Amino acid sequence: MRSDELVDCHVLVIGSGGAGVRAAIEADQYGDTVLVSKTIVGKGGCTPMAEGGYNAVLKELDSCEGHYEDTLRGGAYLNDPGLVRVLVDESPERMADLIRWGAVFDVDDLACVAQRPFGGQRFPRTCYAGDRTGHEMMTTLTERMADTGVETYQEVSIVSLLQHEGRASGAMGLDRDGEVILFRSDSTVIATGGGTRVYDISTNSSSGTGDGYALGYRAGAEVIDMEQIQFHPTGAVYPYDARGRLVTEAVRGEGGLLKNKLGERFMTCYDPERMELSTRDVVSRSIATEILEGRGTEHGGVYLDVTHLPASQVESRLPVMLEQFLKFGVDIRTEPMEVAPTAHHIMGGLRIRPDGSTTMKGLFACGEVSGGVHGANRLGGNALAETQVFGKRAGEAAGKAAVHSRDHDPAQVEAERKHLDEYFTGTSEPAGVWNKLKLSMWEGAGIFRTLPALEQTRSVILHLQSLQLRAVTAENLVECCTVRNMLTTASLIVESALLRPESRGAHVRKDISQAWTPETSPFGHTYLSTSCRGIEKVSR
Amino acid sequence: MKELTLRISRFDPKKDTAPHFENYTVNVHDGARVLHALHAVHDDCDPTLTYRYCCGTGQCGSCAVRVNGQPVLACMEEALEGITVEPLEIPVIKDLAVDLLPYINELPIICPVSTEAATMPAKDIVETMKPLRSCIGCMACVSVCPALSVSDFKGPTSMRQEMRLSLDPRDKKDRTAEAVNGGLFRCTSCQACWKVCPKEIQIPGKAIEKLREVAHFKGHTLPRHAEVAALIRETGRSVTWTEPSLLELTAEVMEPYGPVKKTVGFFVGCMYNLRLPKTALDAVEVLRRNGFRVVIPRDQICCGSPLIRTGQTEYVDTLKARNIAAFTALGIDTVVTMCAGCGSTLKHDYETPFKVIDFSELLAETGFGSPAHLGLNVTYHDPCHLARGQGVTEQPRTILRSLADITEMPSICCGSGGGVRSGFPDEAAALGQRRGDEIKKTGAEMVVTCCPFCEFHIAGHTDKPVRHLATLLLKGYREQEKSGT
Ligand SMILES: Cc1cc2nc3c(=O)[nH]c(=O)nc-3n(C[C@H](O)[C@H](O)[C@H](O)COP(=O)(O)OP(=O)(O)OC[C@H]3O[C@@H](n4cnc5c(N)ncnc54)[C@H](O)[C@@H]3O)c2cc1C
Ligand code: SF4
Ligand code: SF4
Ligand code: FES
Numbered sequence: 035m036r037s038d039e040l041v042d043c044h045v046l047v048i049g050s051g052g053a054g055v056r057a058a059i060e061a062d063q064y065g066d067t068v069l070v071s072k073t074i075v076g077k078g079g080c081t082p083m084a085e086g087g088y089n090a091v092l093k094e095l096d097s098c099e100g101h102y103e104d105t106l107r108g109g110a111y112l113n114d115p116g117l118v119r120v121l122v123d124e125s126p127e128r129m130a131d132l133i134r135w136g137a138v139f140d141v142d143d144l145a146c147v148a149q150r151p152f153g154g155q156r157f158p159r160t161c162y163a164g165d166r167t168g169h170e171m172m173t174t175l176t177e178r179m180a181d182t183g184v185e186t187y188q189e190v191s192i193v194s195l196l197q198h199e200g201r202a203s204g205a206m207g208l209d210r211d212g213e214v215i216l217f218r219s220d221s222t223v224i225a226t227g228g229g230t231r232v233y234d235i236s237t238n239s240s241s242g243t244g245d246g247y248a249l250g251y252r253a254g255a256e257v258i259d260m261e262q263i264q265f266h267p268t269g270a271v272y273p274y275d276a277r278g279r280l281v282t283e284a285v286r287g288e289g290g291l292l293k294n295k296l297g298e299r300f301m302t303c304y305d306p307e308r309m310e311l312s313t314r315d316v317v318s319r320s321i322a323t324e325i326l327e328g329r330g331t332e333h334g335g336v337y338l339d340v341t342h343l344p345a346s347q348v349e350s351r352l353p354v355m356l357e358q359f360l361k362f363g364v365d366i367r368t369e370p371m372e373v374a375p376t377a378h379h380i381m382g383g384l385r386i387r388p389d390g391s392t393t394m395k396g397l398f399a400c401g402e403v404s405g406g407v408h409g410a411n412r413l414g415g416n417a418l419a420e421t422q423v424f425g426k427r428a429g430e431a432a433g434k435a436a437v438h439s440r441d442h443d444p445a446q447v448e449a450e451r452k453h454l455d456e457y458f459t460g461t462s463e464p465a466g467v468w469n470k471l472k473l474s475m476w477e478g479a480g481i482f483r484t485l486p487a488l489e490q491t492r493s494v495i496l497h498l499q500s501l502q503l504r505a506v507t508a509e510n511l512v513e514c515c516t517v518r519n520m521l522t523t524a525s526l527i528v529e530s531a532l533l534r535p536e537s538r539g540a541h542v543r544k545d546i547s548q549a550w551t552p553e554t555s556p557f558g559h560t561y562l563s564t565s566c567r568g569i570e571k572v573s574r
Numbered sequence: 004m005k006e007l008t009l010r011i012s013r014f015d016p017k018k019d020t021a022p023h024f025e026n027y028t029v030n031v032h033d034g035a036r037v038l039h040a041l042h043a044v045h046d047d048c049d050p051t052l053t054y055r056y057c058c059g060t061g062q063c064g065s066c067a068v069r070v071n072g073q074p075v076l077a078c079m080e081e082a083l084e085g086i087t088v089e090p091l092e093i094p095v096i097k098d099l100a101v102d103l104l105p106y107i108n109e110l111p112i113i114c115p116v117s118t119e120a121a122t123m124p125a126k127d128i129v130e131t132m133k134p135l136r137s138c139i140g141c142m143a144c145v146s147v148c149p150a151l152s153v154s155d156f157k158g159p160t161s162m163r164q165e166m167r168l169s170l171d172p173r174d175k176k177d178r179t180a181e182a183v184n185g186g187l188f189r190c191t192s193c194q195a196c197w198k199v200c201p202k203e204i205q206i207p208g209k210a211i212e213k214l215r216e217v218a219h220f221k222g223h224t225l226p227r228h229a230e231v232a233a234l235i236r237e238t239g240r241s242v243t244w245t246e247p248s249l250l251e252l253t254a255e256v257m258e259p260y261g262p263v264k265k266t267v268g269f270f271v272g273c274m275y276n277l278r279l280p281k282t283a284l285d286a287v288e289v290l291r292r293n294g295f296r297v298v299i300p301r302d303q304i305c306c307g308s309p310l311i312r313t314g315q316t317e318y319v320d321t322l323k324a325r326n327i328a329a330f331t332a333l334g335i336d337t338v339v340t341m342c343a344g345c346g347s348t349l350k351h352d353y354e355t356p357f358k359v360i361d362f363s364e365l366l367a368e369t370g371f372g373s374p375a376h377l378g379l380n381v382t383y384h385d386p387c388h389l390a391r392g393q394g395v396t397e398q399p400r401t402i403l404r405s406l407a408d409i410t411e412m413p414s415i416c417c418g419s420g421g422g423v424r425s426g427f428p429d430e431a432a433a434l435g436q437r438r439g440d441e442i443k444k445t446g447a448e449m450v451v452t453c454c455p456f457c458e459f460h461i462a463g464h465t466d467k468p469v470r471h472l473a474t475l476l477l478k479g480y481r482e483q484e485k486s487g488t
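Chains as they are written, first to last, in the working numbering: chain A, 35 to 574; chain B, 4 to 488.
Hint data in this document are derived by calculation from the structure and do not stem from the laboratory. Remember, it's a predicted structure, so these values are computed and weren't measured experimentally. Fair warning: there could be bad hints in the mix.
What the hints assert, rightly or not - Capping the alpha-carbon separation at 27 Å, the derived lysine-lysine pairs in DSSO-like fashion look like this: (1) B:K478 with B:K281; (2) B:K133 with A:K361; (3) A:K93 with B:K126.
Unchecked claim - Over 12 Å on every C-beta distance to chain A, these chain B residues come out as not near it, computed from the model: (4) A21; (5) D49; (6) N108; (7) K202.
Said to hold, decoys possible - Some, not all, of what chain A presents toward chain B, calculated at C-beta under 7 Å: (8) T73; (9) I133; (10) A145; (11) D181; (12) S239; (13) D275; (14) R277; (15) R279; (16) A465; (17) T507; (18) N510; (19) V542.
Ideal placement from N, C-alpha and C gives every residue a C-beta, glycine not left out.
In isolation and in its complexed conformation, chain A is listed as follows:
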């Protein structure tokens, strides 16, 4: 057996997005904390890309009760109410942490944090730093973490969770060169973010490959509501190779108008009351319908127009959008953008309790990799709040957890290593497999779903899983592991979709008609683990 680099710690945090770094900062108060990340801290994950904002109740006129109700209504009442309560109650305090740590949010004339309206919310409660809110948070958190004892391993990818005596006991990682590092810990926090890169068109960063769902599921933890995928209504459609790139909801928050190729504000037909600021699931389906029915634009989208707004407002509130579109040859001050739905967020994920603990002993989860907070549709601005609220909670609970003998199971490590070695004799290029997967997911598990289409995608995934992925060199092992994780995440999405016999929030089954509203639905969470699967029934 080759000797591996061993790293022991009290808390191991996997992922350096908003949730992971927040968890590490907290955990560090209780013992040695190690943070491992596939990417450079502050650069990877979706947090630095988040543009729109962070929801927090800060004003007298607003109320946590209002935020709670908006979140449940937006989530089609599939949310775990206990988690939502924690989210809305603690979000303002976590915002205050960021401010204490130096975050530069936009302020009003009285130096109070400025807030803008976001879809599905009765009060303008979305705090922002221009349209680089997540980047601002990430910069603040990274600086704060640099001032703690947290030890970081950057550009190291976790490929499996370690287990010892029935509990999570750390993780196995590969560095840039493909060398194994074993991290052994008393508690492990997964904060690997989302995974919509399993779809052909996605907003996610390079690490949005669903590693955490797959790692947790394979280790025996339970995932819930994995069928609930948010398709953001406004993704860019040009240039083709950069399709899916997010056009932030802040564009509509600032007053952007949606129009079809005939120049009609088509939202009047779908949600005349909330119009452009309806919830994301509704706006996405409306745009998809306009395009399907032939009222789309040249590049296969609809128009999103801010040309009626003063140029100065576009420049100061939407600088990143302005800059990105200019680079692609469109001046949004004078020309409309072209947009279409794009896979954005996974609402489901590892089942957690309010302290971030999963169904597996010693394993915690926070951020997008966890499920239950957003139900069947996430409100814009709630995910950044979630990273902070549950990042802190998971870090704290993991930190407070008891110290165990830090040991690993050599048989497990040997089996994992054997699995890695098999990639060297594989025959299928990971890139080709990923390509087939993402097209099939978009086809069969996209905005509108039917039983035959889901089954078709399931069979494609099964076929792809039967192929042996190929690593040319040790450096390519991570790519194989990532595609394997994508296949697992995709199958969790499809299996869960097949488990939910209703349309609910972002999950739309075109072939099912139902007699209930989300509030009166007889169904609760779908759940999946290596030992059980099903859908919860609710007695109303």
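Fit chain B with the ligands to the supplied structure of chain A, relying on the hints for placement.
Showing chain B with the ligands alone in chain A's frame:
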């Protein structure tokens, strides 16, 4: 889909002793970015190609590379046929991936963490901090900074962060002292950093000069810089008299030979007035030969650049007022500069009621009499404050091409600016030496430039003659006359 060929620098320190280039042909869609071309190379040609990316949307700073020598974000730059892709000029991990962490880890952080009630700074402070806050840590600026490459200067983005922290009431540390220790006065104000910054953060003007200003008022000014400031206050000039000045050698109005095409004001600047008056005379002569009536106000003084670049700003408003008055009193609507530094200062630090234009810019714009080709092989040194400060790179070359053959060298700072030549002679010499080496590589017989500081400094680091463009152009005219055509 379209086919695209690109050349990529490959380097695996485990196997290779030096980087080498490989050519690849890939298929990408219309409008594809460099990143997509790299994906295509990785997926379809060679899975061992290493490059870094995360967001794909210009927000994370992972993907900066050099395309045809220029630092850019791979995810934002359009992939064009025949491009060359290389890593940034900082230590390479493999292929296009460079080691960013040493620079990221050095960035100063806010402290101490407040335990008090969370309060945001006032709106005006927030608005000043915001542009400095948008740094995505791509390290493009670091990769081009001449000061950092030869000294222990912490670098442009570190100075940006010092400035952002110094503005923030939540930060309690003395950032000025920290910045001074980090090499605040080592920046040559070459402007290279912000010209390559994907977020266009104006580090030299909005961070370094501002920090130097605070440092000055806190008593951190270098003795040599203080001497210059004292001289300016005393004499109106940043250098001492050693020979008759241009102002002494000319009349206030110098008429053109032949009809008046246009009347222009002439801003001579301290160096050309006092140290290189003959070069200035050449420029005046060239202008007269091209039909310009050249008005040289007697009351003009130092533009203030040596004060602004070193943070000693208290006297600058006086200089500005006097210079503007000197030209407006004579009804001048266009002022010509021949010193890159003065030109950039008048254009950016002044609000002038008249148009300011560089000598080469004016001639390229209005057209110039054709000189004799001198049969020389020359190289052209882009002065920082002309090329990056004023965006003037093509005009001097247009003129030069009519006089000589040009062998190009990379456009980098010679080390004389920002008060570095006087403040840190060792650093200036190290950069000057590099310039000398580049000049040697070109095999040129002569170096041409448009800035007295560059001219002076480079002359100390090459055995080739260094001339202002005006001098060479005048020579071309004289040759033309001699040959009698
Ligand atoms: C373009 C875009 C804009 C958005 N805008 C908003 C918004 O305005 N408001 C809002 O509330 N939400 C927004 N969201 C959603 C929100 O940004 C994310 O849900 C949230 O940031 C997720 O944070 P996280 O910490 O859970 O994960 P991430 O920030 O995605 O971080 C995941 C981390 O895990 C690491 N990782 C992944 N796999 C591994 C592995 N195998 N081994 C080691 N490390 C690993 C990654 O490198 C990364 O560091 C947006 C999302 C996107 C994509
Ligand atoms: S202006 Fe030039 S020397 Fe100064 S920080 Fe920028 S790149 Fe470096
Ligand atoms: S200042 Fe600009 S160039 Fe330098 S690291 Fe930041 S974003 Fe990159
Ligand atoms: S990949 Fe993030 S800036 Fe290019």
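**Prompt:** Which numbered hints turn out to be false for this structure?
**Reply:** As far as the earlier hints go, 5, 6, 7, 14 and 19 are violated by this structure, in ascending order.
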